[in-house]
Structure formats: C-alpha cells, structure tokens
Amino acid sequence: DTAVSQTPKYLVTQMGNDKSIKCEQNLGHDTMYWYKQDSKKFLKIMFSYNNKELIINETVPNRFSPKSPDKAHLNLHINSLELGDSAVYFCASSPTGQGGQPQHFGDGTRLSIL
Amino acid sequence: SQQGEEDPQALSIQEGENATMNCSYKTSINNLQWYRQNSGRGLVHLILIRSNEREKHSGRLRVTLDTSKKSSSLLITASRAADTASYFCATRSSGGSNYKLTFGKGTLLTVNP
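Sequence order for the protein chains is A and B. With the numbering used here applied, the first sequence covers -17 to 96. With the numbering used here applied, the second sequence covers 4 to 116.
Next up, chain A with everything else stripped away, as it sits in the complex (with noise of 0.2 Å):
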C-alpha cells in the first residue's frame, strides 16, 4: 500500500503549456506539503495546507496554484511553463504538521520542459 503516491511520475512537455501533478495520501494526515527539488538536489518547500487550509506559501511565482480538495488530495497545477520549472516535485504528508513532525514523502514527479 502506497502511503503518499504522486501522478505522473515523469512529465515531459513544451514550455508554455499548463500541466497538473496529483497527490493523494492514505495515512490519515492532517498536513500536506509540495517541495521542489534542483538538480544540485536542494529541496525546498513550496507549500503546505492543513485540513484543506493553506498555511505555507513560499515565495512561488503565482504561476504556480495548489489545490485542496480535501484533506487527503493536494494537487499542484502549473501554468504557462517555463525552462526553470524543470526538476522534481515531491509531495510529502505529516499527521498535524506542528511543532515539526516527520513527513512522508511520494516518489516524485519530474517533470522536464522542452
């Protein structure tokens, strides 16, 4: 059983475009987040809602949209790609989110503009 499963797991497409990653979790977790990961594999944190809530919204171009539809889904749209939006995107999950509680991460999408 897959705890927090990302789709697509590669994505190749033309700058320009607009494409969508999805993220569900099956743990029960109140918390879910969106990292970027560099190719010098830097991560770093995009966003975060919890029960559906934004809480964490890191200075993201806002071509960037996240989307809640309840607590166990946090999808991640991205519109008009550009070249330095290729890397991979990982979706992680913590129970609360409080006081820095360890997260479980997905496999990642990696995505990979033309």
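Check each hint, because a few of them may be wrong.
If you want a taste of the chain B side facing chain A, the calculated C-beta under 10 Å gives, among others [what the hints assert, rightly or not]: (1) N33; (2) N34; (3) Q40; (4) H48; (5) L49; (6) F91; (7) Y102.
If you want a taste of the chain B side facing chain A, the calculated C-beta under 8 Å gives, among others [to be verified]: (8) Q36; (9) L46; (10) L51; (11) K103; (12) K108; (13) G109.
No wet-lab data here; the hints were simulated from the structure. Glycine included, each C-beta is placed from N, C-alpha and C at the ideal position.
Position chain B relative to chain A; hints supplied.
Okay, now just chain B, sitting in the frame of chain A:
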C-alpha cells in the same frame, strides 16, 4: 533561506566501515531530523532529535546534537551497500512557521561492496 548545511557533500566508504555526516544550522531549533533519499525515490524519515536531547540511537544509526555549536552528526555503523543514498538534515526552527521544515543540501553516501 537555507538552514541546514551537510558536510561532506559526498562520502565514499567500504562496506563494514562507519560513515559520519555532519549538519550545521543557523537559527535556534525545536528539533532536527535526518532523512535518507535513495536514487529516484522520495525522502524517508530516519530519526528525530529534539533540542533538549543530546544523543539518540535507532538501530545502526546514532545522532548527536550540539545546540551550542548549532550542529548535528549522523553516524551509520557497519555500513552496507544498501545504505548508499543521499542523507539530508532538516530543521524545525523554534521561531517562525510551526509547520515548516528546512532541508540542507545533503550528503551523498556511497558504500562500496
């Protein structure tokens, strides 16, 4: 801003040897965590140490925390080829967002059979 900095960036050892990785951070923390990332996979939580703890063990893992030096170390004893992975420290600052973990750039550990 980046909080954790792992050292070394890369480490190559023989199976059976011990591996030590270090993490330095800049601000006061609530806790510090270590994660492992195998190639092509997501991060896996290994161990959490709170700011009032100095040492913690989990199997072949030993973590130390020195809040006066703002540093932590992860020791993997009797390494195995399967330990080959990137290792990241992550900190939960005592101020700021209650939910945010800040990750370092990681140490790439290669264990040669």
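Verification of the hints:
no., hint, verdict
1, N33, "6 Å, holds"
2, N34, "5 Å, holds"
3, Q40, "8 Å, holds"
4, H48, "4 Å, holds"
5, L49, "9 Å, holds"
6, F91, "7 Å, holds"
7, Y102, "4 Å, holds"
8, Q36, "6 Å, holds"
9, L46, "4 Å, holds"
10, L51, "6 Å, holds"
11, K103, "6 Å, holds"
12, K108, "5 Å, holds"
13, G109, "5 Å, holds"
Violated hints are absent here; each numbered hint is respected by the structure.
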